[in-house]
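Asks: Sequence:
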Amino acid sequence: MENLKKSVIKIAYTSDHANLSSLQRSFIPFLYLASSLYKFGLSLRHHFYLYGIFRKHRLPVPVISVGNLTWGGNGKTPMVEFIALWLAGSGISPLILNRGYAGGDEAKMLGRHLAGSSVKVGIGADRRATAAWYFNKYGYIESQSSTLVEKHCLEQVGNPPKSEKIGAVILDDGMQHWSLHHDLEIVMFNGITLLGNGQLLPLGPLREPLAALKRADVAVVHHANLVSAQNIEDIVIMLRKVKDSLTVVFTEMCPSFFFEVTNINSIISLGTFSKSVVLCVSAIGSADAFVQTMQKIGAYHVDRLDFSDHHVFQDRDIALVKIKLEKLEEKFASKPVIVVTEKDYDRDPMIFKCLHPYRVFALRSQLQIMRSKGCSEDSFKKLFESTIGVKLSSLMGYPELKSAVEVRS
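In numbering that gives the first Met the number 0, the protein residues as written are 0 to 408.
It is worth saying that the hints were derived from the structure and are not from the lab.
Ideal Cβ placement from N, Cα and C applies to all residues, glycine included.
Okay, the calculated beta carbon distance ranges per label pair:
#1 K295 - K381: 29 to 35 Å
#2 A33 - A318: 31 to 37 Å
#3 P28 - Y299: 43 to 49 Å
#4 F256 - Y50: 51 to 57 Å
Once the Cα atoms are required to be at most 20 Å apart in a straight line, the calculated PhoX-like pairs of lysine-lysine come out as:
#5 K107 - K119
#6 K274 - K334
#7 K242 - K381
Produce the entire structure from the sequences given, and follow the hints as far as they go.
Replies: So, in structure tokens, the structure goes:
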């Protein structure tokens, strides 16, 4: 099954079929048929909403949707965390609605990172019902009274409000979640892979046609630091052709430190492995970005072992990793270390302990907004001001509140 997933991914990100194996090319007719059926189902669903057969529901607080047009590796979860901390630092208690897909690795990571803040993380496939449960428990601040929130915050500078009432909802992976009304639509793109072969699932990586970008308010090009300036320019031109008024923002994942999987509280500096042989093991949507980040950090040698996104590691996978490690140890006459992503760690913290005597470390990174051609944190912030109704620019000007979230250009 894992090999089949890898073959489908290879097809989705290869425009020239000549670069595919004969086995992979044999899958294309079946994928084309499945893609056509998917397109028909998507169109049918769209028309059901258009003609009121399916209803959209409006929540009593502003809803910020963070989604994508392609599968995995677009930085949705780091962006959700970034926005949640930003709002919490401005005195607004946000509720993140996460569906808990594939064992809930993303939700676990969010819960761990946001512990101690006013952010709440609701998990469940029925996100309207999940939101209702949290509103009943904590209460909410209605949109029209949001100016009162601003006044309350400004009166308590240096002592941010501790209200548990929910002031905004962040819809994680929300673009295709049409049953809830979205007040702000943020669409994430992986700058490295972008649209792949441009086809709909499962022949390609697209969950909707590119024209769906017209619904968006913001397009975020993630991993922009790993893309050439010329490619960035081409991406902006392509996006603006679909919607000229689109705000385009560029982000990157900045590594902070490592921690050992046997001790989550450990903090190990980025330069620790400068003389080490490193094996990157990951089951994420953008393994290339992870590996390139490790190479930039400066390990002596970086090798990799990739699995499909959200893959749950089994004993046979651990055996495969050990074989790879033994080969590296023989080649370099040095015991290699394993580095995984936090998402992989949170999926199953115990499995990596089976790699003893080899040491396993997880890389902690955080999303940051880059400055590029007039697209910056400020333009991003203005959309939140108009959507949430609170002057974030004023609130974020106070060091006491700004310290709650690191925002660097």
